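Protein sequence lines correspond, in order, to chains U and Z.
Okay, so the first sequence: first residue is 1 according to the UniProt record's numbering, each after it adds one.
Okay, so the second sequence: first residue is 1 according to the UniProt record's numbering, each after it adds one.
Read the hints as simulated data drawn from the structure, not as lab findings.
Some clues are possibly wrong.
No distinction is drawn between identical chains; accordingly, a pair holds when it is met within one copy or between any pair of copies.
Simulated crosslink set (SDA-like; lysine to any residue; CA at most 20 angstroms straight-line) [what the hints assert, rightly or not]:
| id | residue 1 | residue 2 |
| --- | --- | --- |
| 1 | Lys90 | Asn150 |
| 2 | Lys90 | Glu197 |
| 3 | Lys101 | Glu135 |
| 4 | Lys125 | Pro108 |
| 5 | Lys101 | Gly21 |
These figures come from a predicted structure and were not determined experimentally.
2 protein chains.
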Amino acid sequence: MELVHVRHLFKLDPAKCLPDGAVDRLVRSGTDGFIIGGSDGLQLDAVQGLFQDFASRGLPVFMEVSDEAMIMPGASHYLIPMVLNTTDVKWLLGAHHGIVKQYGDFIPWPHVLVEGYCILNPDAKAAQLAKANTELTESDVAAYASIAENMLRLPVFYVEYSGVFGDSRMLQAARDELVNTKLWYGGGIRTVAQAREMSAIAGVIIVGNILYEDFEQALETVSAVR
Amino acid sequence: MELVHVRHLFKLDPAKCLPDGAVDRLVRSGTDGFIIGGSDGLQLDAVQGLFQDFASRGLPVFMEVSDEAMIMPGASHYLIPMVLNTTDVKWLLGAHHGIVKQYGDFIPWPHVLVEGYCILNPDAKAAQLAKANTELTESDVAAYASIAENMLRLPVFYVEYSGVFGDSRMLQAARDELVNTKLWYGGGIRTVAQAREMSAIAGVIIVGNILYEDFEQALETVSAVR
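One chain only, chain U, in its complex shape:
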């Protein structure tokens, strides 16, 4: 899976509604692709509907397997999150073990990317659900990035502020450790200026919530990487 040219992704939440005509406009926005993902209570039909809307439009659609409903056959890209700063093995490998045990040989491994998540906003639902230790310094984040790069050789290190705009020094601390592992940033990007600030450091920026709050503003974030 070629990630080198990916700079901007929209994150779509199957539990939320996009405005009319949004699919066409998103596909033509200049973004590099879409992540379908959400933390809880996902309905399989909503996931499938969203996938079908985007899958045939020529841009990569990444299914982020954070919920059983995301284990949908037929996608060409799957993302598997490992929460590196969790305090509960379930979010590092436990849930994964259950899925691998159950679905075994059906998992299309060449289409799977493992994301090493570092969740930094203590108030985020994702942080609470995943029991993340968010009390981290820059050296802590750097050490997780180094583990992703050197120890686990993960394709992606994902700094996640989920809902709030993050501290770019944390992102920079991660950036300084990474050579082969790509740095992804998500959280609170609502303006072009914010998109530009984070994309100057991260390889990929992910734009999510603003899609459902101010669609026009969301589309504009693409210009930060073009």
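For chain U, the structure is supplied; the task is to place chain Z on it using the hints.
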């Protein structure tokens, strides 16, 4: 680091004494190398003494970093265990995070191999210390092996029975999942027949305790892989 031709390793415990003349005989035994490792209470001078005895003798010496005393500069090979079936994040990534944070840039990553451990003997000190969930079926072990191979792409999946001779069906279940990840087996190998049984399945067998119980018998286990 070329592991392809490694089939047999002796595991040396810095807390235990080898008989007189043992170093020469071990080096000439036909083994492929040595692991220096132990679970607890290691003394830095004992570790260094053992390392110096073996390091200049032409065979690889792997320092298994399971204790602060093992973080000894100058070795050419380091093994970093991740206990895949632990119930405590400390043994998956927590301790590692502390070490990477503290030693950072001094870690010679190209000389580091990460071992995905699956500890299966509930009575072993290692299992208790690492809070391993040892109540595993063959499908559980297979799923951990698949995670090591496909998700984490680890160089080594280590089935550890630590002190007792294991169930070869568990080893076979792991074997069936592995292509690029090497399968290492350790635990209770005391005879050539046992060494042969496990080396028919595992890529590498590790012989430990018997070195300190019946040295001649330990030397003979090498013949199983020659």
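A quick look at each hint next to the structure:
no. : hint            : in the structure
1   : Lys90 x Asn150  : between (23 angstroms within a copy, 18 angstroms between copies)
2   : Lys90 x Glu197  : neither (33 angstroms within a copy, 34 angstroms between copies)
3   : Lys101 x Glu135 : between (33 angstroms within a copy, 15 angstroms between copies)
4   : Lys125 x Pro108 : neither (29 angstroms within a copy, 37 angstroms between copies)
5   : Lys101 x Gly21  : neither (40 angstroms within a copy, 48 angstroms between copies)
Going down the numbered hints, you'll see the structure goes against 2, 4, 5, while the others check out.
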